[in-house]
Amino acid sequence: MRLEKHTGFVVYGFPLGEADQIVSCFTSEGNLVKFIAKGSRKIKSRFAASVQLFNLAEFVLYKSKGLPYLRQAAIIDSFAPVRRDWQKSGAAFAVAELCRLLIGEEAGEQAVFRHVLAYMLHLRDRDYVPLTFDAFRWQLAAALGYGMQTERCAICRQAARSGCMDWSQGGLVCPRCRSRTGGVGVDVRHLALLRTLSRCSFAESDKLAVNGNLQRHCARLVDDLIFWLTEGKTKAQAFRKLFEELRCRSE
Amino acid sequence: MRYYDSLARLIAQFQKLPGIGSKTAQRLAFYILKMPEPEVREFAAALVEARAKLLTCSVCGNMTDSDPCHICSDPRRERKYICVVQEPRDVLALERTNEYRGQYHVLNGAISPLDGIGPDELNIKSLLARIRQEKPEEIIVATNPNVQGEATAMYLAQILKPFDIRVTRLALGLPVGGDLEYADEMTLARALEGRKKI
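The listed protein sequences correspond, in order, to chains A and B. Under our numbering, the first residue of the first sequence is numbered 1, with each subsequent residue one higher. Under our numbering, the first residue of the second sequence is numbered 1, with each subsequent residue one higher.
Don't read these hints as lab results, they were simulated from the structure. It is possible that part of the hints are untrue.
Below, simulated DSBU-like cross-link-like pairs (lysine-lysine); rule was C-alpha separation at most 35 angstroms, straight line [as the list claims (entries may be wrong)]: (1) B:K125 to A:K42; (2) B:K16 to A:K233; (3) A:K233 to A:K38; (4) A:K44 to B:K80; (5) A:K42 to B:K34; (6) A:K241 to B:K197; (7) A:K241 to B:K34; (8) A:K42 to B:K23; (9) B:K80 to A:K65; (10) A:K5 to B:K34; (11) A:K42 to B:K197; (12) B:K161 to A:K235; (13) A:K233 to B:K125.
Residues on chain B that point at chain A, a partial pick, calculated with CB under 8 angstroms [to be verified]: (14) T24; (15) E42; (16) A45; (17) E49; (18) P113; (19) L114; (20) N146; (21) G149; (22) M154; (23) Y155; (24) P175; (25) G178; (26) D184; (27) M186.
Short, incomplete list of chain A residues facing chain B, as computed with Cβ under 8 angstroms [what the hints assert, rightly or not]: (28) S50; (29) R157; (30) R161; (31) S162; (32) A236.
Just so we're clear, the structure is a prediction, and the values are computed from it rather than from any experiment. All C-beta atoms, glycine included, are put in the ideal place defined by N, C-alpha and C.
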């Protein structure tokens, strides 16, 4: 059988030729699947809507030589409220980019798919909260096997209440071991917030009362972790900040 | 197989075009070689002339051979409407309708965070300057009906708020001549949203 079925999020679309697209989809099997959607950039194409970014859809692909071709598509959720709100769009762009950069073609990261799905549904139904987005990214890193140490020094394994975060070492590095490494400085408040973010649900993190400076420092830490994980290839993160700044200005 | 240098160079030049691979480049190169020499000269001259003569309109950003372009300099066009489009070919598409008699503004792209294209890469600053100067009554955002086009439209709506100007978006919905049963739910939802009284 040369037909295969996948359910997943559209995380990237790249124009191909006159009216085709190469679409990247993060599937429920936890893999990144690429396929060609023929004619999907034409205004009357039956695939045009289903291969739009952020869509959760069921795709039937025909495998031939090279990339498979899209034969059928059915939208499960288009996340319309996310598309209509530009702050939510900013976050969703960043989510799509993370999936594209961090998930491999044979990754099998089903837990990551469930995590992304949970966040997209949360983003659809609730207001955008920057701290919840940080919680999503921190937990995403953990789900991908990059859970960072926040209680003990990653080098000497002693309990520590401050130091710096060195991602290549595995997280917190205590002041005694710090001379051997670099990283972003953290104190007891930052570590407590990171620990909270790693275990709370998105609904709980929406309600967290955190002062502005602490939240900004925490966002910087998560940005830094993502920068390290993606080897500095992220582009959408900068736009999310631009969207947030514009929101602040308009308020 | 190794080609003569001049042929290899021609193939390499064709390969630079979007969507042209090595096979198509070879086919085009051999087709050119079979054409009569005057036609080849005319073809080459047209390429060079277009590149040399076409410039960007300093008012709207459209492609033109005179600055300002024929639309911006036409006194019969209505000054109270500016239609914002992504590409110069979108101007051609809208002109084909013969329905719109206002001005245009070409952004030369759309906000696409995944490709690193932000507002600074687009022709937005000149749009703001133009609005301050010309004081139009309405801005019609005619970006593509995809996520990037929507993000651009939302961004424009946000930054145009202080101007106290009417900002509208092209209607989204069913294409003319299609059957309703084949329409997807996203398009149908947009069509329902944008329904109007008859």
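### Query
With 8 angstroms as the cut and Cβ atoms as the points, is S50 of chain A at the interface with chain B?
Since the shortest Cβ distance to chain B is 6 angstroms, the answer is holds.
### Message
Quick check on the hint: S162 of chain A CB to chain B CB, less than 8 angstroms?
### Response
violated (35 angstroms)
### Query
Taking only the CA atoms, is the gap from K42 of chain A to K23 of chain B under or equal to 35 angstroms?
holds (25 angstroms)
### Agreement of K42 of chain A and K197 of chain B with the hint, judged by alpha carbon distance not exceeding 35 angstroms
holds (28 angstroms)
### Message
So, as I understand it, the hint says G178 of chain B touches chain A; can you test that by seeing if any CB pair is closer than 8 angstroms?
### Response
Given a least distance of 6 angstroms, the restraint on G178 of chain B holds.
### Message
With the threshold set at 35 angstroms, check whether the alpha-carbon distance from K44 of chain A to K80 of chain B stays at or below it.
### Response
Roughly 32 angstroms separates the two Cα atoms, so the pair holds.
### Message
A236 of chain A was flagged as interface toward chain B. Is the shortest Cβ-Cβ separation under 8 angstroms?
### Response
holds (4 angstroms)
#### Entry: Distance restraint between K161 of chain B and K235 of chain A, which requires alpha-carbon spacing of 35 angstroms or less
Holds, because 27 angstroms separates the two Cα atoms, which is no more than 35 angstroms.
### Query
If you take the shortest Cβ to Cβ gap from D184 of chain B to chain A, is it below 8 angstroms?
Given a least distance of 4 angstroms, the restraint on D184 of chain B holds.
### Message
Does the closest beta carbon of chain A sit nearer than 8 angstroms to the beta carbon of M186 of chain B?
### Response
The hint holds - M186 of chain B has a Cβ within 8 angstroms of chain A, the shortest such distance being about 4 angstroms.
### Query
Is the hint on R161 of chain A kept, meaning its closest Cβ partner in chain B is under 8 angstroms away?
violated (38 angstroms)
### Task
For the pair we were handed, K241 of chain A and K197 of chain B, check the Cα-Cα distance against 35 angstroms.
violated (40 angstroms)
In this structure, the hints that do not hold are numbers 6, 7, 9, 10, 14, 15, 16, 17, 21, 29, 30, 31, in rising order.
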